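Protein chains: 2
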Amino acid sequence: MKIGIIGGSGKTGSAVYQEAQKRGHEPTAFVRSEEKGHAVLGADARLLVKDAFELTKADLTQFDVIIDAFAVPMGSGTSYLHLDLLTQLVHELRQTETRLFVIIGAASLKLEDGRRLLDQLLAMPDHEKWIGTPLNQTYELEFLQMVDNVDWVAVSPQRNFGPGPTNGYVMGTDKIMVDSNGKSELSNGNMALAILDEIETPKHRHQRFTVRNQEVK
Amino acid sequence: MKIGIIGGSGKTGSAVYQEAQKRGHEPTAFVRSEEKGHAVLGADARLLVKDAFELTKADLTQFDVIIDAFAVPMGSGTSYLHLDLLTQLVHELRQTETRLFVIIGAASLKLEDGRRLLDQLLAMPDHEKWIGTPLNQTYELEFLQMVDNVDWVAVSPQRNFGPGPTNGYVMGTDKIMVDSNGKSELSNGNMALAILDEIETPKHRHQRFTVRNQEVK
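For the record, the sequence lines run as chains A and B. Take 1 as the starting number for the first sequence in full-length UniProt numbering and just add one per residue. Take 1 as the starting number for the second sequence in full-length UniProt numbering and just add one per residue.
Please keep in mind that the hints were generated in silico from the structure rather than gathered at the bench. Bear in mind that the values here come from a model prediction, so they are computed numbers and not experimental data. You may find that some hints are simply not true.
What the hints assert, rightly or not - Here are the simulated lysine-lysine pairs, DSSO-like style, with alpha carbons at most 27 Å apart: (1) A:LYS183 <-> A:LYS203; (2) A:LYS50 <-> A:LYS203; (3) B:LYS11 <-> A:LYS57; (4) A:LYS110 <-> A:LYS129; (5) B:LYS57 <-> A:LYS57; (6) B:LYS22 <-> A:LYS50; (7) B:LYS110 <-> B:LYS50; (8) B:LYS36 <-> B:LYS2; (9) B:LYS22 <-> B:LYS11; (10) B:LYS57 <-> B:LYS183; (11) A:LYS11 <-> A:LYS175; (12) B:LYS36 <-> A:LYS50.
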């Protein structure tokens, strides 16, 4: 399938690119820096060099799936751009055949007591300094739930999301997941596996799901 | 003040234009049809002829206030454009000095029993045919509540909104209002009075208010 990846040279975006390539799909990384794109994805990587906010309907609808792996640097004060980009993508993809796959943070997942992780974060001291990204990622889910004429799906990682083994994942719905050691973890590589599986065999529509790392036996 | 009015040749937009003109402000109507703009607002009307979705940051920030009086024809199947246009305006106006004044439908107002008018509408038979506009206007309010770096304010009319005398209004907050005859009514002209009063003497920030017609004694 033709897969366009916004933030394609980032940690998750590049893992998705590589997994898609490995499975014989045709991924294209949307990047702002051609140099960084090739440095991360290789000299022969398929790139579309453009600011994400400049992407047109024609740019987007040539793909079967658009992955929104856009991220702003933590503490940049521009975390609202997560929400703004999503609203633009939705506008361009309404009533089209292109699927929209949004990676949103874990903050909108529910804790055991039914509250959202976001509510726990909002109760922490000095959260004003870093709450922007989890807050706007939660808004992204709320915004998606207003949209019925885009074929959207969203995925959230776990509390800890970053480097780690690519060895498989366990599927969840809308709750924080923990392994037998009480850890709530997902690697970028396992996120890529889950995303490619969902692309190849769609199981969610107008829904957000989550995955955690499989435990090493 | 310099006031830009999206949907400036529509029923409410043109009432706002005329009231602003009368009070010595400098209104500009953003219209798609120059011919209709002049037909409704006069041969010497200040127009900016452009599709609302093509308005740039530079177009918008030359004004002190932008009024979003955009409306799609009922039953056009494109009521989601209300929400999409608002998300674009918010994106362009973040961290600017230009105030955003959004006219949203009455559906998000609360009834006496605490439910929203929207919930009552959703319980009506065959609502699928016409629910798009009230639903997306309710989404507009929910979206605005995610935005803290735009100087926004929103106003809702009453159940009945349309032609009628311009004779004054009664101010409310977030509930459907009724007069002594049980009528929930607002005229386009009284809406324009309330909007200009709020522009001249801001009393609401990051809030939605509502107004109803004053009763004729």
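Going through the hints against the structure:
{"no.": "1", "hint": "A:LYS183 <-> A:LYS203", "verdict": "holds (26 Å)"}
{"no.": "2", "hint": "A:LYS50 <-> A:LYS203", "verdict": "violated (31 Å)"}
{"no.": "3", "hint": "B:LYS11 <-> A:LYS57", "verdict": "violated (32 Å)"}
{"no.": "4", "hint": "A:LYS110 <-> A:LYS129", "verdict": "holds (23 Å)"}
{"no.": "5", "hint": "B:LYS57 <-> A:LYS57", "verdict": "holds (20 Å)"}
{"no.": "6", "hint": "B:LYS22 <-> A:LYS50", "verdict": "violated (46 Å)"}
{"no.": "7", "hint": "B:LYS110 <-> B:LYS50", "verdict": "violated (35 Å)"}
{"no.": "8", "hint": "B:LYS36 <-> B:LYS2", "verdict": "holds (22 Å)"}
{"no.": "9", "hint": "B:LYS22 <-> B:LYS11", "verdict": "holds (17 Å)"}
{"no.": "10", "hint": "B:LYS57 <-> B:LYS183", "verdict": "violated (41 Å)"}
{"no.": "11", "hint": "A:LYS11 <-> A:LYS175", "verdict": "holds (24 Å)"}
{"no.": "12", "hint": "B:LYS36 <-> A:LYS50", "verdict": "violated (38 Å)"}
In summary, the structure is inconsistent with hints 2, 3, 6, 7, 10, 12 from the numbered list given earlier, while agreeing with the others.
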